[in-house]
Every structure is written in structure tokens, then in C-alpha cells.
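Under the numbering used here, the first residue of the sequence shown carries the number 355, and numbering increases by one thereafter.
By construction, these hints were calculated from the structure, which means they are not laboratory data. Nothing here was measured: the structure is a model prediction, and the numbers come from that model. We put the CB at the ideal spot given by N, CA and C, even for glycine. Possibly wrong hints are sitting among the right ones.
In silico SDA-like cross-links for lysine to any residue, where the CA-CA straight-line distance does not exceed 20 Å [stated by the list, open to error]:
| no. | residue 1 | residue 2 |
| --- | --- | --- |
| 1 | LYS451 | VAL431 |
| 2 | LYS472 | ILE483 |
| 3 | LYS451 | LYS472 |
| 4 | LYS387 | ALA408 |
| 5 | LYS387 | TYR412 |
Pairwise CB distance ranges, derived in the manner of DEER restraints [to be verified]:
| no. | residue 1 | residue 2 | range |
| --- | --- | --- | --- |
| 6 | HIS393 | ILE441 | 33 to 39 Å |
| 7 | TRP409 | THR377 | 31 to 37 Å |
| 8 | TYR520 | TYR398 | 30 to 36 Å |
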Amino acid sequence: KANVANPARANSQFDPYFTAFVTQIGAALEIPKEELMLHYDSSYSAARAAMLQAWRFYSQRRWWLVSDFCQPTRALVIDEAVARGMISLPGYNDPAKRRAYLNALWIGPARGAIDELKEANAAGKRIDIGVSNESMEAAAMSGEPWSDIYAQRLIEINRRKADGIYTVPKNQVPETTAGVDDDERL
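All chains should be built: construct the whole structure from the sequences, respecting the hints.
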């Protein structure tokens, strides 16, 4: 006669087994177990290191997705549209011009931060010492293009100034919003 295990009995060894199992999966994927389990129980530095390690994995996969799928698909769609005469791109047959037409910047979601103030200060420092720029830092922190953020900030600051509820810090933004349509942004 077959014996059936009693499901009412809790197994005290499940947690260590599961943790070891997730650790092995994480090692194979190059993702820390803290990230897989979404359980950060160590110090700030260890949690940040785990997040950065996971972000390296995500960045590699995102690069692969963009270079092997998104960009080739975009090129095929534009090639088809040009071939069918749906859009006109002068000089598209010239490889250099075609490459310029097909050039794209694929910006994915931003990396998370454990302490946003430290991340923002570090971004400012990277810009100040010349190893980064505002466009790169804006994309890394928010996933949005710097030009969109800047244009929206101009609208917001000028509207607050017009309403008398905001004082613009010196050297932050120019006085006008030339070329920016308020209805587009808000």
C-alpha cells in the first residue's frame, strides 16, 4: 500500500532549500539572490551592490534586445515604408545617409536607486568633473530624454513665475520658453 505524505506538516527545511535553490538560479543568471527574491536584508552597501550587479545583467539583456531585435525591426519597417513610397527620405540609398536616417537612441526604464539623494549628488559630480553629461544622467535617472525634461521644466517654472508662486534660482533656466508649446507638455 502506498503511503501519502501528510500535507498538514510544515517542513522546517523548506526555507534553506528554497534559498539555496534561488541562489543557484541567480548564479546561473548572474543576478544576486536578493534581487530575485526582492529581499534586501543586509547593509546599504551590500543592497546597492546587489542592485548594481542585477542592473548590469539587465543592461546586457537590454543591449541585446535593442541591437538584435528593436533596431533591426525599425530598419525593416523604414525600409519597407521607403520601398512602398509611404515616406520619402532623400538619399536613402546612400549607406551613410541610410545609417543616419535609421539612427536611434533606445532609452529604457531607469535604474532604481536605494538613496536617490546620493545618486543625484553622484550624477552632479560626474557632470562637474566631465565624465558624464546632463543627457546621459537624465536618461539614467528617469529614463526620459533630457530635452523633454528641460522643455517641461521651462513650462512649469514660467507658469509658476506667472502665478507668483515660485522664485527661479539663479542660473537655472532661461527667461523664455521660445519654441515650446504649453499645450503639448501639460
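Comparing the hints with the structure gives:
1. LYS451 <-> VAL431: 16 Å, holds
2. LYS472 <-> ILE483: Satisfied, since the Cα-Cα distance of roughly 16 Å is no more than 20 Å.
3. LYS451 <-> LYS472: 42 Å, violated
4. LYS387 <-> ALA408: The given pair, whose Cα atoms are some 9 Å apart, holds under the 20 Å limit.
5. LYS387 <-> TYR412: Holds, because 14 Å separates the two Cα atoms, which is no more than 20 Å.
6. HIS393 <-> ILE441: 33 to 39 Å: 50 Å, violated
7. TRP409 <-> THR377: 31 to 37 Å: 19 Å, violated
8. TYR520 <-> TYR398: 30 to 36 Å: Cβ of TYR520 to Cβ of TYR398: about 34 Å, so the range 30 to 36 Å holds.
Hint check: violations occur at hints 3, 6, 7; the rest are consistent with the structure.
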